[in-house]
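Can you build the whole structure from these sequences, using the hints too?
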Amino acid sequence: MTYSQAVLNGDRLALARLLTQVENNAPDGRTALIELFPHTGKAHLIGVTGAPGTGKSSLVNQLALYYRKVENKRVAIVAVDPSSPFTGGAVLGDRVRMRDLSGDPNVFIRSMATRGSLGGLAQSTANMVQVFDAAGFDVIIIETVGAGQSEVDVARLAHTTLVVEAPGLGDDIQAIKAGILEIADVLVINKADRPGVENTEKALKSMLELAHPTARVFQHHGSTMRTAAPENDSSTTLMWIPPIQKTVSIESKGIVELAESIGRHVDHLRQSGDWAVRERARLEVELEALVREALMNRFHEDVPQEKYESVLEKMVQRNVSPGEAVKILLNGR
Amino acid sequence: MSDKKIRVLVAKPGLDGHDRGAKVVARALRDAGMEVIYTGLRQTPEMIAEAALQEDVDVVGLSILSGAHMALTPRVMELLKANGQTHVKVFIGGIIPDEDLLQLKEMGVAGVFGPGASTEDIIRDVQTAVAG
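Heads up: the protein sequence lines correspond to chains H and F, in order. So the first sequence is numbered by my numbering: it starts at 1 and just counts up by one. So the second sequence is numbered by my numbering: it starts at 1 and just counts up by one.
Relax, there's no trap hidden among the hints.
Examples of chain H residues lying across from chain F (beta carbon under 10 Å, computed): (1) L13; (2) L15; (3) A16; (4) N24; (5) G89; (6) V96; (7) R99; (8) S102; (9) G103; (10) V107; (11) F108; (12) R115.
In case anyone wonders, no lab produced these hints; they're calculated from the structure. Note that the structure is a prediction, hence the values are computed from the model and not measured. Quick reminder that beta carbons are idealized off the backbone N, C-alpha and C, glycines included.
Here you go:
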């Protein structure tokens, strides 16, 4: 039996093996991806990102428990941790926080290393997610590496992106910078029992108000002022404003509310048509990455290595600029 | 391009709560370019076998300091076998009396490392076991 048949039949060992083939970009993995593709597109993909130590893994553990116990959904988790830039090795430690999920055949946790990717995910994360999708998991949670400010790849992969913050990590200047906060569909303040939670919440709220002006009344130098909501056009009535959810994952606090927010986001995506837009955008990113890889391969086949080396040498000698070098290599001049 | 890495599960079965050694070994294997999945303390053999399956590892390293290795090791080996993971090499680290070594080898354990074992030896033995 082929890998894809076995995976569609629910064989867990075959699934684990296939994930390795896909991660290694081995021929068996590529074949199976082609065969499995028609079976994909059913799962809800939830991305979880945030700085190291904000409690992403513990939160994923709690969310997965909720989806199992309350909604009886099959849950897959892809947990990404960084590879060493020097040795290529990695210690993948996200499972340590997910021991509550052990022993449940409807949960499948897979750890993966970034293997040199910088966007918070590994190159093959999207493909691994496709395998889980085809294998019939209803919810697939993708946990990124501890992300700094610009590891935003997960937003292109997931339907719903959670950005996890914790008290004491930064002031309101951090909150108005571009980057990771912008990709949030739901903002989570984890460890909400810690001091400083009010400040974190305030900073995130004011960031959201700048991004999404709404009608409100506020005090300014002692006088009451008002702002009107922007004129309603059809796009603003369907606009999604990221809710802020406070959680304490080690005490299971706020998880139900978080899951409800995620549910509302799914409803919003479906009603507004954004679900289809995101699916399309996601597939386009994938197509582009594959085209790029194929073009690179074709380029390396077409251009003899000696020619490549000689042009590189001319660049090193400062005889041609990198821009000219590209022209020489592509146009054969 | 295909890109294969050795994947190792480092696990602490049983009730002893001392994982310094396991972490040192995990770190050493990482520095040798392997992908090491660390499970944390107090794992049952069932949890270890399940993690080994989901992660499709080549090697399982058990760190046992409690003296329960003759009970825990065969159970882990049985479960790996039941899951169809007969190719997985099992190593043990910890306090293992010499008189148990032969029996552990007969069970199919690929190697045993006691106090003072060098990380170079561990890395070499793991690489050899996976290659062979």
